[in-house]
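Asker: Chain residues, written in single-letter form:
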Amino acid sequence: MVVTDSGATGGDQGSLPVPLLEARGVTIRFGDLVANQDVDFSIYPGEIHAILGENGAGKSTILKSLFGVYHPQAGSFFKEGHPIRIHSPADARSLGMGMVFQDLRLVPAFTVLENIALANSRNASLDLGRLRGRITALAERYHLTVDPDVPVWQLDLAGRQRVEIVKVLLTGANIILLDEPTSVLALSEVDAFLAMLRRLRDEGHAIVMVTHKMREVLACAGRVTVMRAGRVVHTTNSLEGLNEDELVRLMIGDWAPTGITGRPAVTRAGEPVLRVDNLSVKDDKGRLILSEVNLTLEAGEIIGVAGISGNGQRELAEALLGLRPLSAGRIIAHDETLSGAPAAAFLNAGIASIPQNPREEGVVPGLTVLEHFAYDGLPRREHRMQVDWAALSADFAAAPAVDELNVPEPGRVAATLSGGNVQRMMVARALARRPRVMVASYPTQGLDIATTQRLMALLLGLRGHGCGVLLFSEDLSELYQVADVLVVVTHGRMLGPFDPVKIPAYDVAGLMVAGDGYRSNRLGHPLEVPA
Amino acid sequence: MLSIVEAVLGGAVRSSTAVLFAALGELIAERAGVVNLGTEGCMLTGALGAFAVTAATGNPYLGALAGGGCGALLAAVHAYVAVVRGANQLATGMAVTILGLGVTSFWGRSFVSTQIQGMEPINLPVLSSMPLLGPILFQHDPLTYLSMLLAPVIWLFLARTRWGLALRATGERQEVVYSVGYSPTMIRFAAVVAGGFLAGLGGAQLAVAYTLNWVENMTQGRGYVAVAMVIFASWNPLMAVAGSYLFGGALSLQLALQAQGVGVSPFLMSAVPYLVTLGVLIVVGRRRRQAMPDELRAVFEGSRG
Numbered sequence: 327m328v329v330t331d332s333g334a335t336g337g338d339q340g341s342l343p344v345p346l347l348e349a350r351g352v353t354i355r356f357g358d359l360v361a362n363q364d365v366d367f368s369i370y371p372g373e374i375h376a377i378l379g380e381n382g383a384g385k386s387t388i389l390k391s392l393f394g395v396y397h398p399q400a401g402s403f404f405k406e407g408h409p410i411r412i413h414s415p416a417d418a419r420s421l422g423m424g425m426v427f428q429d430l431r432l433v434p435a436f437t438v439l440e441n442i443a444l445a446n447s448r449n450a451s452l453d454l455g456r457l458r459g460r461i462t463a464l465a466e467r468y469h470l471t472v473d474p475d476v477p478v479w480q481l482d483l484a485g486r487q488r489v490e491i492v493k494v495l496l497t498g499a500n501i502i503l504l505d506e507p508t509s510v511l512a513l514s515e516v517d518a519f520l521a522m523l524r525r526l527r528d529e530g531h532a533i534v535m536v537t538h539k540m541r542e543v544l545a546c547a548g549r550v551t552v553m554r555a556g557r558v559v560h561t562t563n564s565l566e567g568l569n570e571d572e573l574v575r576l577m578i579g580d581w582a583p584t585g586i587t588g589r590p591a592v593t594r595a596g597e598p599v600l601r602v603d604n605l606s607v608k609d610d611k612g613r614l615i616l617s618e619v620n621l622t623l624e625a626g627e628i629i630g631v632a633g634i635s636g637n638g639q640r641e642l643a644e645a646l647l648g649l650r651p652l653s654a655g656r657i658i659a660h661d662e663t664l665s666g667a668p669a670a671a672f673l674n675a676g677i678a679s680i681p682q683n684p685r686e687e688g689v690v691p692g693l694t695v696l697e698h699f700a701y702d703g704l705p706r707r708e709h710r711m712q713v714d715w716a717a718l719s720a721d722f723a724a725a726p727a728v729d730e731l732n733v734p735e736p737g738r739v740a741a742t743l744s745g746g747n748v749q750r751m752m753v754a755r756a757l758a759r760r761p762r763v764m765v766a767s768y769p770t771q772g773l774d775i776a777t778t779q780r781l782m783a784l785l786l787g788l789r790g791h792g793c794g795v796l797l798f799s800e801d802l803s804e805l806y807q808v809a810d811v812l813v814v815v816t817h818g819r820m821l822g823p824f825d826p827v828k829i830p831a832y833d834v835a836g837l838m839v840a841g842d843g844y845r846s847n848r849l850g851h852p853l854e855v856p857a
Numbered sequence: 006m007l008s009i010v011e012a013v014l015g016g017a018v019r020s021s022t023a024v025l026f027a028a029l030g031e032l033i034a035e036r037a038g039v040v041n042l043g044t045e046g047c048m049l050t051g052a053l054g055a056f057a058v059t060a061a062t063g064n065p066y067l068g069a070l071a072g073g074g075c076g077a078l079l080a081a082v083h084a085y086v087a088v089v090r091g092a093n094q095l096a097t098g099m100a101v102t103i104l105g106l107g108v109t110s111f112w113g114r115s116f117v118s119t120q121i122q123g124m125e126p127i128n129l130p131v132l133s134s135m136p137l138l139g140p141i142l143f144q145h146d147p148l149t150y151l152s153m154l155l156a157p158v159i160w161l162f163l164a165r166t167r168w169g170l171a172l173r174a175t176g177e178r179q180e181v182v183y184s185v186g187y188s189p190t191m192i193r194f195a196a197v198v199a200g201g202f203l204a205g206l207g208g209a210q211l212a213v214a215y216t217l218n219w220v221e222n223m224t225q226g227r228g229y230v231a232v233a234m235v236i237f238a239s240w241n242p243l244m245a246v247a248g249s250y251l252f253g254g255a256l257s258l259q260l261a262l263q264a265q266g267v268g269v270s271p272f273l274m275s276a277v278p279y280l281v282t283l284g285v286l287i288v289v290g291r292r293r294r295q296a297m298p299d300e301l302r303a304v305f306e307g308s309r310g
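First to last, the sequence lines map onto chains A and B.
Numbered per the numbering used here, the first sequence spans residues 327 to 857.
Numbered per the numbering used here, the second sequence spans residues 6 to 310.
It is worth saying that the hints were derived from the structure and are not from the lab.
Built from N, CA and C at the ideal position, the CB exists for glycine as well.
Fair warning: there could be bad hints in the mix.
The following label-pair restraints were derived from C-beta to C-beta distances [to be verified]:
1) R411(A) x T216(B): 52 to 62 angstroms
2) A741(A) x T119(B): 48 to 58 angstroms
3) D364(A) x P157(B): 50 to 60 angstroms
Below, a sample of chain B positions facing chain A; criterion: calculated Cβ distance under 7 angstroms [unchecked claim]:
4) T166
5) R167
6) L170
7) A174
8) E177
9) R178
10) V181
11) S184
12) V185
13) G186
Given these sequences and hints, build the entire structure.
Answerer: Structure representation (structure tokens):
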């Protein structure tokens, strides 16, 4: 019998066949840290099995040990009931596994085609023409937009993930391991992605998906394993009777998020802290990606920038930090024209940022958490021309955001941090600078619900202290939760400003997808513009 | 006049061969993410090995093979220390060159005045009788022909074969290579040893096809020029041919000028090819940096772009 959907199993353990792949009693320690403690996990053909849990719950660890990246101190693996050994990714591949890592494993300088050839070619000579055909056919079949001849460094994260998926499918893997696959997707892309997973499942693939998003679990998973603090706290063979609240309770235990109830009243000082005049920027390929952008950010205001990723958000954010030259226009902070000045001038003007790809743009892998705060974030502490680490440690411990966001211990080396912990560090550091302008690009990526809520509260706190916040996000519920003003980047333009109280979310979504055309077609009434 | 041009350009090709071999070898290593500053040492050991075996057997082809082997052997030292043991590549490479210089000076003393029967130039049928191009390109020793063929072969290897792709990927992101089931360490080791073999062949050409004698430190920094040529060539083997011939051209031209009795010190004159190399690097400069394999950034800058 093959498990095809949640209903078929009915929660009856006895009706399940021998698992395709099984892990029993897996324990993995990194030094003192116990990442997995006595974890049992199994996967059947033709099912989607979600591993749910908060950051640091050990979800990625069990996935990577199945794929031979980590080697458990205890525990055993079985394929169709027979004991097996998984020493390396090569072993895992020969057992029919394929994995899409959270930090995607691609060579940026290679084209899509070359990257896929690297993983798939077993003959001495590369038959690139034939492979190109196979990629195109596969991409069409699963409705994936993949151009084989584009260098990977030009793709955004969602595009790189599509390449990874094509790569894994072309290896002929029938067990597909996905580590937080939707974290790099735009909201509008998630449904299509889940539909693709269901299609793969129906074709008989076994899919393991790590996530902390309940909605995705409920939308596609047949079985769920919930992890907390390195242990499996619950495995269910059916989703029947499980709702979102129940899953949240399983994930985070008895602690419940306080949540943010309604937006605090607008207490705007009204003084503009950042002005963008008629700005145009080009992307890495030298194409104009955004033009004629006008924006005024006031003290104590949160402007939500909605848009599907890849519509110039990265370029705009980089321009606002002095990291990307403008093709036209000006950036003014506190009556000081910053455009054209070096990045240091932007920092000195009190502009802080939460970067879109923190690992690439903000993290020095070999430095500790405290060292990251020492070179940026905390005020300089020196004693006889040496860094005063004791004083810095005290400052670190005293920083409110550090405590609030549960930033990992100051001595941890950044390279060993999980995606969520890196994000906590970056956000806390940006907040520690006490910025006057905060450019936050997708700040909640990789964060669990509880931390997301705390982060949102912190952003509102910044706003309360007179900081202007520019919040880039694809998550409309997040934007509606905190933004005073919404703008939409789409099709090379910035539309808005809109008042979130007056514009319905489905209209914003429409603008994100269809651009200005949506406005003229669907919105019969003129859009309200806040004064 | 024409014959002078033919002589200078023909000489340019012949005197480029050693640098070209070494540059292609270094290119292979660097595409895998390893800088081998030991190239100079590999060339020297290759030159002595080739010379000694030729002197002993009378067969310069056997000698060339031995030269390649000696280069590979010394490169294996670099590969073991820098790749397997993870020592600093730049420091290790320098040490390997100094080791090569010392070893060849010591064992080479007995060969200083030895005479050998080296490789004879072979005039390729039909091609060599073409006007102008014939004497310039097609009246050379077999190793020179081999070096001309090698550049496109290496280009094809890198661009069109699975192992070439894996080698390039190792130079860009070794963790990716590991995750698809190759061993980056093995690939790097093999690349450095293969590069050393080619550098050794380069040294062999110098000893048994070009100068036909053994002189202490006879490579005179050609190994370092080869490293520079790889940068000039943007890590592209076909461009490495152009760079090497430019160096060889300057070498050949200054020899021709010296022969004509130009009133400039020969010591200054022999610096000209190296000045040309420096000039080329200044012109190429930062523009070409994007082509640099990512893993090399870790070597040069301590970080990756």
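Asker: Against the structure shown, which of the earlier numbered hints fail to hold, in ascending order?
Answerer: none
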